Each structure stands twice: as structure tokens, then as C-alpha cells.
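Fit chain U to the supplied structure of chain S, relying on the hints for placement.
Read top to bottom, the protein sequences are chains S and U. When we follow our numbering, the leftmost residue of the first sequence carries the number 599, and every step to the right adds one. When we follow our numbering, the leftmost residue of the second sequence carries the number 40, and every step to the right adds one.
Treat the hints with caution; some may be incorrect.
Distance condition first, Cα-Cα at most 20 Å in a straight line; then the derived PhoX-like pairs of lysine-lysine [stated by the list, open to error]:
1) S:K980 / S:K967
2) U:K409 / S:K725
3) U:K408 / S:K725
4) S:K1116 / S:K654
Here are the simulated distance ranges between beta carbons [claimed, not checked]:
5) S:T647 / U:V387: 33 to 39 Å
6) S:P1121 / U:T411: 22 to 28 Å
7) S:T647 / U:T411: 30 to 36 Å
8) S:Q954 / U:T206: 23 to 29 Å
9) U:T249 / S:P1121: 57 to 63 Å
10) S:G944 / U:W159: 54 to 60 Å
11) U:A404 / S:T648: 20 to 26 Å
12) S:T648 / U:E327: 46 to 52 Å
13) S:V1115 / U:E378: 50 to 56 Å
14) U:V395 / S:F730: 47 to 53 Å
15) S:T648 / U:E378: 26 to 32 Å
16) U:S289 / S:Q954: 17 to 23 Å
Only part of the chain U face toward chain S is listed, based on derived beta-carbon distances under 8 Å [as the list claims (entries may be wrong)]:
17) A108
18) P114
19) L115
20) F125
21) R209
22) F379
23) M405
Hints are computed from structural coordinates only; laboratory data are not their basis. All figures in this text were calculated on a predicted structure; none of them were measured in a lab. Using N, Cα and C, we set each Cβ at its ideal position, and we do this for glycine too.
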Amino acid sequence: MMLSTADWMSVVDWSRAQFAMTAIYHWLFVPLTLGLGFIVAIMETIYYTTKDEFWKRTTKFWMKLFGVNFAIGVATGIILEFEFGTNWSNYSHFVGDIFGAPLAIEGIMAFFLESTFIAVMFFGWNKVSKGFHLTATWLTAVGASLSALWILVANAWMQYPVGMTFNVETARNEMTSFWEVLFSPVAMNKFFHTVTSSYMLAAVFVVGISAWFLLKGREQLMARRSMMVASIFGLVFALVAAATGDGSGVQIARTQPMKLAAMEALYHGQKGAPLTVISVLKPEKERMTQEKAGWMNIEIPRMLSLMSYRDGDAYVAGINDLVEGNPERGLLSVEEKIERGRVAIGELARYRQAKQGNDREVMREVLAKFDPKSSEGKTFHKEYFRYFGYGYLSSPEEVIPNVPLVYYSFRVMVGAGVFFILSFLFTLWLLKKQQIETRRWWLWVLLWSIPLAYVASQAGWIVAEVGRQPWTIQDLLPTVAAVSRIDSASVVVTFFLFVVLFTTLLIAEIMIMRRQVKIGPEPLLSDPEQSNDKTNRDE
Amino acid sequence: METYLFLQHYWWFLISLLGGVLVFLLFVQGGQGMLYTVGKSGVERDMIVNALGRKWETTFTTLVTFGGAFFASFPLFYSTSFGGAFYVWMLILLVFVIQAVAYEFRRKADNFLGEKTYEWFLMINGVLGALLLGVAVGTLFTGANFTVNRLNLANVGGDTAISQWTTPWRGLDALADYRNWALGLAVLFLSRMLGAQYFLNTIDDKSIRTRSRWQLWFNGIPFVLCFLLFLVSIMFSKGWAVDPSTGVISIEPYKYWHNLLAMPAVFVALVVGVAAVLTGILCDLCREESTKGIWLSGPGTVVTVVCLFLLAGYNNTAYYPSLADMQSSLTIYNSSSSEFTLTAMSIVSLLIPFVVAYIWYAWRAMNRKKITREEILSEDEHLY
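Only chain S is shown next, with the shape it has when bound in the complex (with noise of 0.2 Å):
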């Protein structure tokens, strides 16, 4: 089946909207799911050591909301995991090798771990004994965040692909150590930021609502207590969460220089650069072309190299350094690198050649540039094979991301961590002086921080994904060269039927949400006009 050039096109693009539509909306529930599973941990351990049948009621009511989560980011999980190969063929053929053994082990170790004690977590009380249900609960909290782990060790691969060695004649990408693949230093940073930032968004949800409760003057102990827990936990791992993200900072700036330059609107490299606090961007053909990016720009000198290099006077390469190179800094430009890439893919045209007519010679000496282990490998290598990707590139400019996107996404991630750590020391505050009540336009403002923890939660996977663009594997494979080949019609079928199935079912969880929000913790005594979600008992 012979697809047109526009389709094949509109084929890219349908499958990037369909993957990210479909990560966006896992990524709406998997946070509260990594948090949340620890907060009630932590608060069932208390029921456990005090034995105050408080805390019992408290950890059901949160518990409770954590299964009405935990069943949606299920039902929007399974899809992402089969997308890499309906949509994404020539990828998962490239990458499986490396990519598979982490979703492998993700469902060995972490996704059996998680399904079957959340079972005992849900169904057990009465049923086992209650140290068995507490380890129960800390074991789905830990597969939950297990789960996180090996699916981000993959992601991190594709930012950052280390432990590995190309092979000409299975034409794909091969596992050389594990350990490199698991403990990159880029899998490490990304697992710690993107799980503590998780915990922090639970954090505040725990919080908003409980700030609901007291604004209303309903279970103010437990509103109380479950602040004090979530705000605890929450402070803790922003703090982390901060740290990581300064180290990811450090890091995307030696691996994905591109998205460091779109994340800052930097266009003209400099050394000494400024962080740009906030500005109002220009169009892109300004900036492009001006020494500023932006409008009304608040900036912190020499911020912006001190974060990425730990020094004040470094140098930061911006977006026309790198696509027009700059051979003083040693960059190369893109029309550069895509000659290179395509000498690399040549090889591969001419070891194909050389093996249909069974031209020996010419195989061996094709086999011989990409081993790894000559001189000959090492510097076919590092000349050219490392630019395998942007041989299929048809233009410089397809290199640079979406700017805006990532610049304004990266600032209200930013911005929200920052706010959020000082709301949790603020509510500590207030809590310890026993003026959280009083203080009602704070509840207010902790109540609607919920939609912002979302947003922010969103806006760092913007950043992450967006700005790698055009590469699924960072410099090795651009969308172009990863799809499958399906008619664009096929794929936008699915992209709309999974739309509207997804956006129905969030409905459908934000109103169970708030509903049992409103119906609050089980009675202590029994009150069936509170509970009107319970069985057919009429029948």
C-alpha cells in the first residue's frame, strides 16, 4: 500500500496527537494514584500503632477516592503501552530490544505487585488480619511507584540512549549493559523528579480537600489531621522534587541542548546568559533575528549558565547556534549533521545492496564501521552514526520544537512548584497556630490549587516531550522514521474515538470524585441516607 507524501505526513502528525493525547490523559491520574497510595499508607500506619479507630475511618475516606483514580489511570494506561506498536512500528522494531525489557519487567515486578494487593487493600479488611492490610497498602504504594520507575527508565533511554551498540543486519538498536540503561544518569533524575513531583500534587489535593471540608464546617479533625499529614509529605518531597528538577536543568544541557534553548527562548547563544524569569514572546521571525526573544522581560544575570554548567560566565548555546552551527563552540550546523546522518544510512543502503547480490567484501567492510569495539567503529561512530536520525530530516529547521509551548509550559511548572512549596510551609504554619480555620480565603486559595497542581503536572510533561521533538530517540530516530505505515485516516478514527471515550470518562470520574467529596467519611453510626452508592438492597 503506497501512501502519498502529505498522508505519510498527516500520518506523523495524527500519531503524535494520538499519543499525546492519550499520555495526557494517563498522566491525569497516574500522579495522584504515586502520591496518594503513600499518603493513606502513611495514615493507616498511624491507625495501626495508635489503633484509634480515627484514623482507620480517615484512611477509608481518602482510600476511597484513591480507587476511583486508581480505575481510570488503569483504563488510560493499557492503550499507551500498545500504541508503541500499532502507531509506532519502526520504533518499537528499532528500540525494542532495549525499550521492551523495561515494560517487561515494569509488568513483572511492579504491575502484579500493585493489582494484587490492591485487592487485599480494598476488600481485605475485614478479611485479613490488619498488619496484612497495612503491608498490603505500603505494597500497592511501592508497585505504583515501582511501575513509575521502569517506564521512566525507558523514557529516559529514549532522551538520553546509553547501553547499547547498533546492529547493521537486525537493523536495530541492542542492549550492551543494563545497568547503564537502568542507572543513567538521566533515568535516575527523571525518576525521582517525576515521582516527588507526583507525591506533591497528591499533597495538595489531599490538602485542597481537606480545605474544603473546613470551609464547609464538616470533619474538621479529620481536615485537620489529613493537612497535616499531606502538607508534611508534600513539603518534603517539593524539596526533592526542586532538586531534581535543578539537576535535570544540568543535565539536558550536556544531552538535549535544543530543549534547554526552547525552554529559555534563548535564539543567540552567549556566555553569562540570563535566566529569563518571565517575558512576553515574540513572533518567530523576531525572535529569531532580535538579541531579545521577548517583551518586558524580567531576567536574573548569568542565572541561566550558573543553573546549567554551575558557573556564571559558561556558555549557553542558543536555537540558531545549533541550527546553523557555530564552529567556534565546536557546534556543528544541522545541514551538517544531516550529511552525516545520511553517510551513516548510505552504510546501511550499501550493506543492503551487498547483501542481495552476496557481495561479501563489502558487507564485512560495512559490519566493520559499526563495530563499536575497532578504532574503525569507534570513529564511524562518533563522526557520523551518532547523526543516524537526522539523515531522514528534510530541513534544518525541523530540529527546533515548538518554543512557545515548552517556554510558557516550563515557567507554570516552575511557578507552581515554588507556590506550592510556600503554600505548605504557610499551611504548617497556620496549622501549628491553630488559625487554619479563620484564614478562609487561604482554604480558598488551597482548594482551587488542585486544578493547579494539574496544570503544572501537564506543563513538565510538555516540556519533557515536547521539547525533544522531532526525535523519539534523541538524535537517532525522528517521528518521521518511527511511524507505522497506516492511512492518516485510520489513526484519526481512533484519535477521535478515544477523544470522546476519555473525555466521558473523566466526567465520569470528577463527578463520582465530588460526590463521594461530599458524602465525606463513613458514618460512625450507621446512616444509610448518607450512603446511597451502596448495593441493590431494595431487591
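Chain U in isolation, oriented as in the chain S frame:
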């Protein structure tokens, strides 16, 4: 056997085992499909949903792990089948997405779509989930319309897709082969039988047990017919054989029958597996008080499905025959991950017995008490 060959066989065995466990766990889907035939009142449907609701995530997780393990161990299958049979896999995903929310949302207040819609979600998943997975597995014997050329990656500016589907039906073409239907329907009826046996074993309620026993009849007979049709037709079919030294693939008449003869242990295990499934059903049918038939039928299902997978992939057989270009067919040799990756994952696979042990322990702890009307009518807010 050299290490790489051993690892390729080991991982095909693990895929087979996961496939076997998945088909057994499809009792959840089978049970869902009978929500209204076994559960005649609201309370009875609640009992059914709560019985299945404690297990559905394990089935779901097994499906996800099955996909992940296939991706990791035989990535070329993943990229070829999923990217090619697009419609079939998307349909399978869709019916599993709607299942995942149905349990938790069904009885919750303000659930937007209403209880009946979520019950329909469960029933659609119960029927289509099992049927389509069976049809998809059928193509491991009957083949599919695809080509594979790894070095298409060298086509700069041209068609770089390594795996390509040669018909516009994108996997729906599998429905044109009666043998895929036979296996799909066999899996569907089997899942319903296992579902009925699970109800017998888990729900302590006279009317549910009576109706479940009837379902064993209604589903047992078509299961036997469909399964026999599939098995006999496959034994008489040609298969795609691979020469492991050259990698050349050729057609071999009665390939799967030859595989049975060449692997007597698999032959015996297949007979034992089928016998166990049928004995388990007969136990529950013939003895009024019997509730433990699933302990025979369940393991029997696992063994039978493992044997079918081994027939498809062992003994130098192409486990995913290409109907468009024979040499593009996938074998465990030409589609596996590298030796290094298979070794690394094999070390991780040593954890599997530990995983099975804790699942067993947790399930035992949870299943000590049967589900009763009293429990469903209790105040526990975590009931589905």
C-alpha cells in the same frame, strides 16, 4: 543447544505460559458476559460483580505483561502485528479500556453514564475481549498479510517502514478464516465455562449456583465443538517450517501434526490438559455439591494453551506465518531480542515463582470466605 537458541526457546515458553495463564484468567470476561443470564436480580448481579471485581485486575495485568513480554522478547512480532493488524488490536484495547472503569464506577453515585451502561461495558468486554483475543491468537497458526524488510530503514526519503500490511483490512482480514473464528469462539465459550465454575467456587448462593451449572452445559458443548474444529483443521493444515541453519522458510503439509509427533511431551500434555478441562467441567456438572471443578479446568486450560503456543513456535515452525511473503514469516529465531537482552530478562524472570507465590497467598487470604448475600448487603463502602 547453544545459549541463544536456548534463550529463544525459554522466552517462547514464558510467552506461552503467560498466554495460558491469561486464557485461564479470562474467566473474568466469561463471568462478565453472563452478568444478566446468571444474575437475575440486582443483588445477584452485585454478587457476581464483586466476585469478579477481586480478580479483574490480575487478568488485566496479565494481558499487559503478556504484551510487554512479547515486546521485550520478540519485538519484531510486536512491531509487525500491532502496527499491521491495527483495527483488531485497537478494538481489543477499546473493550479493555471500558472494562477497567466499569467495576469501580458502576455503583457509584453520579457516575454520569448510569449503572446499566457500565454493565454493558462489562458484557461487551466479556464477549468481545475473549473472542477477539482468540481470533488474534488464531493468526499464529493461520497467518497474516504482512511483509518485513528490516533494511527498509535505509530508504531515506522513501518508504522506511520495516513491517507493512498488504491489505487495507488491517487485521480484520483474520475474520475471513473460519479457523480463527473457531479458536475465537472456543476461547469465548471456554471463558464462560470457567466463569461459571468460578461462580460455583466463590459465590455461596443457591440460585446463582443452579444457573451457573446450566451455563456449563450451554457453553461446554459449543466449546468442545469449536475447539475440536480448530484443532482438527489445524492438524490438517499446512504450516510454515523454517530451516534454522539458513533461515529459509518453506511450506510443510500437516506441519502441526508433525510437531505433535516430534514433541511427544507436548502431545501428552495437550491430551492431559484437554482431559483436565473436561473432567473439571464434568465434576461440576455431575455432582450437585461440587464447587471445585475450576481447580482441574483452570490448570487444564493453562496446559492446553501452553501446548498450542509451543506447537505454533517450537520445532522450527514460523509462529507468525506471512501470507503475503513467505520469507517474511516470523520465527522465534528471526524475531527475538538479542542474546544479551534475553539473558538479562531471564534473570529477572527468576522472580516469577515469587510473584506467583504472593498472588496465591493473597488470593487464599481473600477467598477464605465465600461471597454471600449478607456480605453484599453489608455496609462496607468498598464493595463494587
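Range hint compliance [Cβ, Q954 (chain S) to T206 (chain U), 23 to 29 Å]: holds (26 Å)
Cut-off 8 Å, beta-carbon criterion: hint that F125 (chain U) touches chain S: holds (5 Å)
Given hint K725 (chain S) paired with K408 (chain U) - CA-CA distance at most 20 Å: holds (8 Å)
Hint check for V387 (chain U) and T647 (chain S) - Cβ pair distance inside 33 to 39 Å: holds (35 Å)
Restraint outcome when F379 (chain U) is required to lie within 8 Å of chain S by C-beta distance: holds (5 Å)
Agreement of hint A108 (chain U) with chain S interface, Cβ distance less than 8 Å: holds (5 Å)
Restraint check for K409 (chain U) with K725 (chain S), where alpha carbons must lie at most 20 Å apart: holds (11 Å)
Range agreement (Cβ of W159 (chain U) with Cβ of G944 (chain S), hint 54 to 60 Å): holds (56 Å)
Hint check for E327 (chain U) and T648 (chain S) - Cβ pair distance inside 46 to 52 Å: holds (50 Å)
Cβ distance range 26 to 32 Å for T648 (chain S) and E378 (chain U), holds or violated: violated (54 Å)
Proposed proximity, K654 (chain S) with K1116 (chain S) (alpha carbon, max 20 Å): holds (19 Å)
Hint consistency between K980 (chain S) and K967 (chain S) [alpha-carbon to alpha-carbon, up to 20 Å]: Holds: K980 (chain S) and K967 (chain S) sit about 11 Å apart, inside 20 Å.
Checked against the numbered hints above, the structure breaks hints 9, 14 and 15 and satisfies the rest.
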